[in-house]
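Chains as they are written, first to last, in this note's numbering: chain A, 1 to 306; chain B, 1 to 581.
The hints are simulated quantities; they were obtained by calculation from the structure and are not laboratory data. Virtual Cβ for every residue (Gly too), placed ideally from N, Cα, C. It is possible that part of the hints are untrue.
Which residues of chain A face chain B? A few of them, derived with a C-beta cut under 8 Å, are [what the hints assert, rightly or not]:
id	residue
1	Glu38
2	Val162
3	Ile252
Okay, derived cross-link-like pairs now, DMTMM-like style, lysine to aspartate or glutamate, Cα gap no bigger than 25 Å in a straight line [stated by the list, open to error]:
id	chain 1	residue 1	chain 2	residue 2
4	A	Lys57	B	Asp176
5	B	Lys418	B	Asp343
6	B	Lys525	B	Glu88
7	B	Lys171	A	Glu61
8	B	Lys167	A	Glu61
9	B	Lys171	B	Glu228
10	A	Lys90	B	Asp239
11	A	Lys52	B	Asp462
12	A	Lys52	B	Asp176
13	A	Lys52	B	Glu228
14	A	Lys52	B	Asp235
15	B	Lys529	B	Glu389
16	B	Lys241	A	Asp87
17	B	Lys436	B	Glu447
18	B	Lys179	A	Asp56
19	B	Lys288	B	Glu300
20	A	Lys172	B	Glu300
Here are the chains, one letter per residue:
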Amino acid sequence: MTGYVIRRILWMIPVLWAVATITFFLMHAVPGGPFSQEKQVPPTALANLNAKYDLDKPILEQYGLFFWHLGQGDLGTSFSNQRPVLDIIKEGWPITAELGVTAFVFALAIGMTMGVISALNHNKLPDYLGVFFATAGTAMPSFVIGTFLVIIFSVKLGWFDVLGWEFGNYRKMVLPVITLGTLPAAYIARVTRASLLEVLNQDYIRTARSKGLAEYVVVLRHTIKNAMIPILTVVGPIFAFLVTGSFITESIFVINGIGKRFVDSVFARDYGLIMGTTLFYAAIVAFANLAVDLLYATVDPRIRYS
Amino acid sequence: MSFLKSRGYLLSLVALGAVLAFAACGGGNEKTSGTASPGGGAGERIQGGTLTVQSLGFQSLDPHFSNFAQDIGYERMLWRGLYTLDKENVPQPAMADGQPQVSADGLTYTIKMKKDLKWSDGQPLTAKDFVAGFKRTCNPANAGNYESLIDKSVVGCGDFFGALGTKDAPKTPTPDELKALQDKVAVKAIDDTTVEIKLMQKQVTFPLIISLWLAFPVPTHLDRFASETADTQADWGTDPKRLVYNGPYMLTEYVQQDHITLVPNPNWAAPAGVSPTLDKLVIKFIEKNDVADNAYEAGELDQAFADLSNLAAIKSKFGAEYFKNVNAETRGLEMELTHKPLDNLDVRLALSQAIDRKTLNDVASNGGFAPTTSWIPETAGGAAPDAFETDIGFDKASAQKHLADAGFPNGQGFPLLKMLVRDTPEARAQAEFLKKGFKEILNIDTELDPVDSATRSQRLNDHQYELAPRSGWSQDYPDPENWIISLFDTGGSNNVYTCSDKDIDALIMKAHFNTNDQERRQQYKDINKLVVTRLCGIAPYYHGAFHWLIKPYVVGMQDNATVQDSEIPGDWNAEAWGRSK
Numbered sequence: 001m002t003g004y005v006i007r008r009i010l011w012m013i014p015v016l017w018a019v020a021t022i023t024f025f026l027m028h029a030v031p032g033g034p035f036s037q038e039k040q041v042p043p044t045a046l047a048n049l050n051a052k053y054d055l056d057k058p059i060l061e062q063y064g065l066f067f068w069h070l071g072q073g074d075l076g077t078s079f080s081n082q083r084p085v086l087d088i089i090k091e092g093w094p095i096t097a098e099l100g101v102t103a104f105v106f107a108l109a110i111g112m113t114m115g116v117i118s119a120l121n122h123n124k125l126p127d128y129l130g131v132f133f134a135t136a137g138t139a140m141p142s143f144v145i146g147t148f149l150v151i152i153f154s155v156k157l158g159w160f161d162v163l164g165w166e167f168g169n170y171r172k173m174v175l176p177v178i179t180l181g182t183l184p185a186a187y188i189a190r191v192t193r194a195s196l197l198e199v200l201n202q203d204y205i206r207t208a209r210s211k212g213l214a215e216y217v218v219v220l221r222h223t224i225k226n227a228m229i230p231i232l233t234v235v236g237p238i239f240a241f242l243v244t245g246s247f248i249t250e251s252i253f254v255i256n257g258i259g260k261r262f263v264d265s266v267f268a269r270d271y272g273l274i275m276g277t278t279l280f281y282a283a284i285v286a287f288a289n290l291a292v293d294l295l296y297a298t299v300d301p302r303i304r305y306s
Numbered sequence: 001m002s003f004l005k006s007r008g009y010l011l012s013l014v015a016l017g018a019v020l021a022f023a024a025c026g027g028g029n030e031k032t033s034g035t036a037s038p039g040g041g042a043g044e045r046i047q048g049g050t051l052t053v054q055s056l057g058f059q060s061l062d063p064h065f066s067n068f069a070q071d072i073g074y075e076r077m078l079w080r081g082l083y084t085l086d087k088e089n090v091p092q093p094a095m096a097d098g099q100p101q102v103s104a105d106g107l108t109y110t111i112k113m114k115k116d117l118k119w120s121d122g123q124p125l126t127a128k129d130f131v132a133g134f135k136r137t138c139n140p141a142n143a144g145n146y147e148s149l150i151d152k153s154v155v156g157c158g159d160f161f162g163a164l165g166t167k168d169a170p171k172t173p174t175p176d177e178l179k180a181l182q183d184k185v186a187v188k189a190i191d192d193t194t195v196e197i198k199l200m201q202k203q204v205t206f207p208l209i210i211s212l213w214l215a216f217p218v219p220t221h222l223d224r225f226a227s228e229t230a231d232t233q234a235d236w237g238t239d240p241k242r243l244v245y246n247g248p249y250m251l252t253e254y255v256q257q258d259h260i261t262l263v264p265n266p267n268w269a270a271p272a273g274v275s276p277t278l279d280k281l282v283i284k285f286i287e288k289n290d291v292a293d294n295a296y297e298a299g300e301l302d303q304a305f306a307d308l309s310n311l312a313a314i315k316s317k318f319g320a321e322y323f324k325n326v327n328a329e330t331r332g333l334e335m336e337l338t339h340k341p342l343d344n345l346d347v348r349l350a351l352s353q354a355i356d357r358k359t360l361n362d363v364a365s366n367g368g369f370a371p372t373t374s375w376i377p378e379t380a381g382g383a384a385p386d387a388f389e390t391d392i393g394f395d396k397a398s399a400q401k402h403l404a405d406a407g408f409p410n411g412q413g414f415p416l417l418k419m420l421v422r423d424t425p426e427a428r429a430q431a432e433f434l435k436k437g438f439k440e441i442l443n444i445d446t447e448l449d450p451v452d453s454a455t456r457s458q459r460l461n462d463h464q465y466e467l468a469p470r471s472g473w474s475q476d477y478p479d480p481e482n483w484i485i486s487l488f489d490t491g492g493s494n495n496v497y498t499c500s501d502k503d504i505d506a507l508i509m510k511a512h513f514n515t516n517d518q519e520r521r522q523q524y525k526d527i528n529k530l531v532v533t534r535l536c537g538i539a540p541y542y543h544g545a546f547h548w549l550i551k552p553y554v555v556g557m558q559d560n561a562t563v564q565d566s567e568i569p570g571d572w573n574a575e576a577w578g579r580s581k
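Starting from the given sequences, assemble the full structure and let the hints guide the process.
Written out as structure tokens, the structure is:
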């Protein structure tokens, strides 16, 4: 197992290099640059700006400089913030991660609970309600959910704040978590329901029930555990998605996380921030996938890594 | 600058909603700048209290580098120059003790400073700090965006700033050569309280230019600024612990992408006797105006931008708390004049007269702006909005006649033109409106070419477009020259339309160096008329406007709102803000 983990981590190096290389050349190939603006920068000022940020150098030299600086732990400078990219990530990501992890726990709790209830009450009212939640939650965009929640619970009822995020302060946590967590909760509910229904029809479940095992033992020990592989498969990417930030949720609640900055950086041609956040996201996704693969072996003894 | 870019981005969600909202009945008591303001802004300021207001995040707080309107608004809260613009945008002494002494030849400005000026940390603010400010703006290593305003006036500034050459003709000066160029920038401290500036040529607008952010002082007593050289620049920074101030406020907290907190500066020299009364000013960075309006309604904000897509409902709901201020910004249909048939004035007149400006504003922009036919706004020394109505305004019959005169009767043989448009709902809505009008009135076909903002800017600057709706200009400083120079002179750096008109060029040359202010202003009015009637690159269709919600107990915002506002009403004189309860 240890050897497998080390090999997977080493494999991440070429993956991240490929991501960085593709991103670097793609972003330079897109028209416009960080100083493209409607009011044209005078030629001397443009030359000075390019010199200040090494953009006056040949593209391959810039590419080499990026990796040279990366090797020294420097992700570069954000043109649109005039700050080191690393500082921006260090400042924004913990907030994004707090929101993301909380939304993940919410999504997991709600999604799995509803999925289990639906499956155990197949074609009954709880199942219909669960399917309705799963369908509506998937269909409704988060900006619609967030906006409605704000208007009803913040503006009209005054129960929660409109602006900001503060871990531990329910007034600032509840609405962003619901907004961000509803879609993944609905998705997890659907997958859980489908997976459980499949397991519930297996012979060994019938056997367990025939042996007189209590229903909760059948469900917890024999059903859920065996239904976990498909759920784990979707939960890994969902976790990575949630902890890398959401442009929409961060915009609706004015949360100073990293998700919005990533999207903004693309439109602003903020090369430093694009490279830094892309690499960071790629690393998180790679680690999330590794974690899921390791969890497979935990829930299914038939899976062995050597 | 700036707020065009920022506002455009913010307004990206308005258009479709705007069309629907226009159908709804309006209401409310719209107040505009210059009218009585019994609501927000009423009452006497009391000492103390907090204001929490909406604005946008900044790129930099470095006044010798900054480019964006909101950045400049914040910088004016934290620092001031020798002079400052008052409510009427007239330069008044700030750190200076009276008007500058100007030599008989008009080329040497000697400015005495007030005595005993201090930075917020109690250290003396001296002439050396202002000299450093000018030299920092001229320093290529700092790469400031507004050096061009003194490039051709202050002796040595342009040479120093241009030391690295351009992309096509780069130079590689040695550190010694850079130092020599820096030393030749003719701004010096005669003594601790006297600054002398030498100009290459007389410039009527120079007192105005040195009232701007680019002439703010540098705290040279701080180690990092003391060690600046001609080829290295200190990071101005945004950390409240590392900065000192000479403006009305001090920065005490900065949470990126979230907010800043300001408190009064005890060493503020209060040029007009106006000092902050607030205990605390919190500025939240909120890009989505519908979100800010919800926060305003929930009591989390004391001021917010009104959401343009919901303007009718906002006016109706908030009544006197709604406030509109037409600003110094003009938008219109840009035309690249080297592309046939746009080189033909009749074609340009046909296009301009096929634009129903009032309906365009009402339908595609929810009535948020001020339709116009003048390039330079009247407030900036131009002409009234309807001044050129008969020349270029909406007139179907005249538009069709001009198209026929150009050799395209009823649009026959007219080539397909592409409209380069920013890919936002509002910009698309405007372009669709124009496309429909051109087809119905002129029977010509146009096609939308939607791209993102950076691509659009690049293509405009590279002249790779035919038509560009919703393009234009926002004022950097309140003088008509800012609306003409570099924009309509042959080869000007912002002349994206390739306007080349010898009458305009000749008048620009006269006006630019004219020291008779009254005559100069008339010349700019004449240039404005030429630019508009010859449609030398743009058919103007509206002046921009800000729309705000302001709580009734907020004092000093509406009263101080000017066309120079960066983002918040009266933010160029934020020391006058306060609460009445």
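Discussion item. Please verify whether Lys436/B and Glu447/B have alpha carbons no more than 25 Å apart.
Written reply: The given pair, whose Cα atoms are some 10 Å apart, holds under the 25 Å limit.
Worksheet item: Does the alpha-carbon distance linking Lys241/B and Asp87/A stay inside the 25 Å limit?
Response: Within the cut-off at roughly 17 Å; holds.
Worksheet item: Does Asp239/B lie within 25 Å of Lys90/A when you go C-alpha to C-alpha?
Response: holds (16 Å)
Practice prompt. Decide if the proposed pair is consistent with the structure: Lys418/B and Asp343/B, CA atoms, cutoff 25 Å inclusive.
Written response: holds (15 Å)
Fill in: Status of the Glu38/A interface restraint (C-beta, 8 Å, chain B)
With a minimum Cβ separation of about 5 Å from chain B (threshold 8 Å), the hint on Glu38/A holds.
Worksheet item: Does Asp56/A lie within 25 Å of Lys179/B when you go C-alpha to C-alpha?
Response: Holds, at about 22 Å.
Practice prompt. Starting from Lys52/A, check that the Cα of Asp176/B is at most 25 Å away, please.
Written response: holds (19 Å)
Worksheet item: Holds or violated: Lys167/B with Glu61/A, Cα cutoff 25 Å?
Response: Roughly 17 Å between the alpha carbons, so the hint for Lys167/B and Glu61/A holds.
Item to complete: Take a quick look at whether Lys52/A and Asp235/B sit within 25 Å of each other, Cα to Cα.
Response: Holds, at about 12 Å.
Worksheet item: Is the hinted pair Lys57/A and Asp176/B satisfied, with a Cα-Cα distance of at most 25 Å?
Response: Within the cut-off at roughly 23 Å; holds.
Worksheet item: Within 25 Å, alpha carbon to alpha carbon, are Lys171/B and Glu61/A?
Response: holds (19 Å)
Fill in: Hint check: 8 Å Cβ-Cβ cutoff, Ile252/A to chain B
holds (6 Å)
Hint check: no violations occur; every hint is consistent with the structure.
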